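*Asks:* Given only the sequences and the hints, what does the whole structure look like? Please build it.
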Amino acid sequence: MLFLLVLVVAVSIGSAQSARAKTSPQPCRCPAFQILPGKASLAAGQVVEFAIKTKDNRGLKRRYEWSVSSGEIVFGQGTAQIGVRIPVREQTRTASTSISPAELPPGFVVTTLPQSIIGVWKPPAVVIRAGLAGHAGCSCSQALSVPLALPPVNINQFANVIALTLSTRELVMQCEPGKRMREGLLASESMIVDVNASAVDPEGDLLRYDFTVSGGDIIGEGPSVKWDLSGVSPGMYTITSGADDGCGICGATKTESVTVRACEPTCSDISCPTITINSPDILDEETVFTADVSGGSQQTVSYKWSVVNGVILRGHDSPSITVKMPAAPTDKISSVTVTIDGIDESCVRSITKEFHAGRVKP
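If you read the sequence shown in this note's numbering, its first letter stands for residue 612, the second for the next number, and so on.
Be careful, since some hints might not be right.
[Unchecked claim] For lysine to aspartate or glutamate, the following EDC-like pairs were computed, each having C-alpha atoms within a straight-line distance of at most 20 Å: (1) K972 - E896; (2) K964 - D892; (3) K915 - D928; (4) K865 - D812; (5) K943 - E896; (6) K837 - D821; (7) K972 - D928; (8) K935 - D895.
Treat the hints as calculated values from the structure; they're not laboratory data. Keep in mind that this is a model prediction, so the values were computed, not measured.
*Replies:* Written out as structure tokens, the structure is:
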């Protein structure tokens, strides 16, 4: 009996050891596999296929598990090939002459372009993760990161002013009446400067020209305007031109200047003469009119006469003329005008004498 009991125990122990040997875990070995993307880079909104490629099929159970960091698996989950819809990423753009780093959201990358700073938000890559069963039932996985390509972004290229031309860089103010400009310096005929701006825009956008001045007024619009500096004080004044293609004055501008000079009179003032017309108060068949010039400088005085409703008979360019005018009563008004010149432009004077019905008009 004792021998049989020992034999039963030995057989039981051997059977247990044999059972444990048969059920002990084997080393986990993952098969070698790759995730193959259908495209080298991904664009938002498209559906891209991904597939598992492996040469190690020994003991491989056909169980596939896929996940994506962003986007949506639209077909193939649980199989060796899936389709993923790439998420549409919102893109924002900032165009300005300065961008504060503190104002930029995560993923915002700054790219410097001529005359501007552009900020473009770049979304991250899409991570594709695949899992399948390995030998001895172990779980195996691999991940593939594929960059998400930005679709073309239409970044506005700013309009730049390349030229700003002025008809003159200096204006000389007229002297006050009775003062003569010094020799060698001429007063400007007007205080208006012709301005022409030229701008280029890489995209051919319709441009609006803007002019900013430190004094005076801009007359007109478009690339060619007039700069009126009438009434300003002597000094230097600037004009700046910019071109707006829709974003404002974002591109390069041009600035030019004009110097306004005061009158520089001679040391002595000019003395202008005074003038009157002497004649009878009642017209005769032939009436003599005399220009009476008094005071001032008279050595170079010249005379120019004109008559309305009458005829000059003699003395056209002299101080006295003889005129034939209607002496009889008439509704027409007759007049005689004399202008003196030849002294200084500030001393040019004209005077007119009128007659109504043959008599001087009071």
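*Asks:* So, for every hint listed, does it hold in this structure?
*Replies:* Evaluated hints:
no., hint, verdict
1, K972 - E896, "holds, 18 Å"
2, K964 - D892, "holds, 10 Å"
3, K915 - D928, "holds, 6 Å"
4, K865 - D812, "holds, 15 Å"
5, K943 - E896, "holds, 16 Å"
6, K837 - D821, "holds, 13 Å"
7, K972 - D928, "violated, 25 Å"
8, K935 - D895, "holds, 8 Å"
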